[in-house]
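*Asks:* Below, each chain spelled out in residue letters.
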Amino acid sequence: MNNSLDLKTVNYLDPCLQHKVWALGADIDTDALAPGHAMKYGMGVIAKHCLESILPNFSADVQSGDVIIAGPNFGIGSSREQAAAVLVVHGITAVIAPSYSGLFFRNAFNVGLLLLTCPHISNHPHRVVRLDIHDSQHPLIITEKNEALTCEAIPEFLMTRVKHGGLLNELRHQLSRNQHEPNHA
Amino acid sequence: MTTVAVLNDTHHRHQPEHDQTLAQKLVARSANMQHASVGEIVTCNVDLAMFHDSSGPRRLKPMLESLGAKIWNKDRVVLVMDHFVPETDNDARKIVRMARDWAIEQKLPNVYDSQGICHVVVPQHGHILPGMMCVGGDSHSPTGGAFGAYMFGVGSTEMLGVMVTGQIWLKVPETIQMNWQGKLTTGVCAKDMMLAMIGRFGMNGGQYQAIEFTGSTIASLGMAERMTLSNMSAELGSQVGLIAPDITTLQWLQNRLAQRATNYPHDKLVQASIEQLTQTNLSHWQTDAGARFTEHIFDATALAPMVAAPHSPANSHAVTEYVRTPIDTAYIGACTGAKLEDLIAAASILKGHRVPQNVKLMVAPASVSDMNEAKTLGVAKILQNAGAQFLPSACGACAGYGHTIDGHARVISTTARNFKGRMGSSDAEVYLASPYTVAASALTGFISDPREHMR
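These protein sequence lines map, in sequence, to chains S and P.
Quick note: the first sequence uses the working numbering, first residue 1, plus one each step.
Quick note: the second sequence uses the working numbering, first residue 1001, plus one each step.
Errors might be hidden in some of the hints.
The list that follows gives simulated cross-link-like pairs (lysine-lysine, BS3-like), each with its CA atoms no further than 30 Å apart [to be verified]:
# : chain 1 : residue 1 : chain 2 : residue 2
1 : S       : Lys-48    : P       : Lys-1420
2 : P       : Lys-1094  : S       : Lys-48
3 : P       : Lys-1420  : S       : Lys-20
Computed footprint of chain P on chain S, listed as stretches where at least three residues anywhere in the stretch have a Cβ under 8 Å from a Cβ of chain P [stated by the list, open to error]:
# : region
4 : 75-81
5 : 97-106
Just so you know, these hints were derived from the structure itself, not from any lab.
C-beta: ideal position from N, C-alpha, C; glycine also.
Chain S with its partners taken away, still in its complex shape (with noise of 0.2 Å):
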């Protein structure tokens, strides 16, 4: 059993990549995404039950770079940042909602899931969309039509965490270049 988290580094800054969507609906909850019954091993299993109790079919058909487009109050719930990472395994570029639970929000960073806050999202049904992300302070979605639809601001050192892939890499790359610059602060 392994409990550490796999994280893989997705590309979602190549504007020209088109990615397979998944909709859901509003206040999609931390234990539809990573259920407690499955909790305790570890996230090759959380993975398989992953959404089980709205989209059955999610873990077998998710592949590499979908990403996710839910209703408002996205990871509402537990602290359990395995609801996030379990995205990650799947490897989920990005999730786009009008909003999220701020645990869930901090958690996803952390563990390297970018997260799209769009407020008019939920009126277009897409089934495939491509990412802008060239600006952190204005990410842009592109649908089908060729429409943009603009994203919230991302704070820039959150995008740093994200980009490293999680904070478990932030801190090894501070702590690497600390013991190569006694003096950093």
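Given chain S, put chain P in place with the hints provided.
*Replies:* Using the frame of chain S, we list chain P on its own:
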């Protein structure tokens, strides 16, 4: 709905710039600032980091080792084994064993193994004091706000960051005051207040800002009831659920710290905590008159017992809308709903009665200390005579750990969440209510208004 909807924003004008909310003051102190401006992202020094067997060692140990990093300050760490205890299978045994081994290896000074649920055990040992900045590796960590501390939940990786640096970032929150006026009527309690607020504002109504509970109702509540309010701030979607400390807070903590000093004579940290408590400046840890906040006013005298129907705590209405709904399981458990005061509430309904054959009544006291006091007071006996089956003081069925709820059970529960599958079965229907309402429903086999059993 029995609440009065008043949005008071007179405070938004003419406020002196230096006036701050309780939340701002707590953040400012931990960030070494005079004034914390709402919306600003700041780095805070952590006074206390709490985690449990599920969120803690099993995740932190491998990550710390892979970084070659050490815990910044072990005195400021509290570990509680509460999720996978008592161990029901080999996977659980492995997780708990890892927590125990790591506690010994790291020589952690504050460890509570199988003593109850962290959100109850940690305050009951006086670890959370007014003015502190605390993080917990669990979503119900806002419970610590009942003591006038800024306490919020974080995930394991974020906890790793705290373990390595002793610091955490946060965005200085806006404050939403929930101002409750008047006396609650018989059979109505803090759980009903929370279900009413969650029903009205929704599960993200708190918008990850600071909620502060204020007003004469709050002032008259004991610490256990205040803890229930702060605990379920998690279901209101706020980062913290604060209550300004007062004499009630200080006396409760004094007693708990004195007990800890007696029970743990080798605990070197307890004297420092007692000293820190005596220096609490109650007049500072209040929201200033000119601070900026949003206020909602509620009439406690008009509040009815509340029930949240499957599958959301926000799906809540007065109990009168659910009477005659059949139930087969009544669960009195969790940090939310099985403290001594909750057991006393249930016993006041169940005294001298026995639940029918077709109802399973389960009681999992929130802490061993609560269970012991319940035994001393004769409360445990009343519950037992009513047919209650006692379960270990642990998270248990509330979160689908250990002994879970099976199949198509129709459950009424004192816990905090009724998401689909939460208690172990996707087919279970879980209604949330107060210990009074759960006890009354257990007696009849239907969701019942506890006030009819209190005449």
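*Asks:* Hint by hint, say whether it matches the structure.
*Replies:* Hint by hint, here is what the structure shows:
Between Lys-48 of chain S and Lys-1420 of chain P, the direct Cα distance comes to roughly 17 Å. Compliance with the 30 Å bound is thereby established for this hinted pair. Restraint check for Lys-1094 of chain P and Lys-48 of chain S: satisfied, since their Cα atoms lie roughly 21 Å apart, inside the 30 Å limit. For the proposed pair Lys-1420 of chain P and Lys-20 of chain S, the alpha carbon gap of about 27 Å is at most 30 Å, so the pair holds. With a cut-off of 8 Å between beta carbons, the region 75-81 of chain S has 6 residues touching chain P; three or more are needed, and the interface restraint holds.
Only residues whose C-beta sits within less than 8 Å of a C-beta in chain P count toward coverage, and the region 97-106 of chain S has 6 of them, enough to reach three; the restraint holds.
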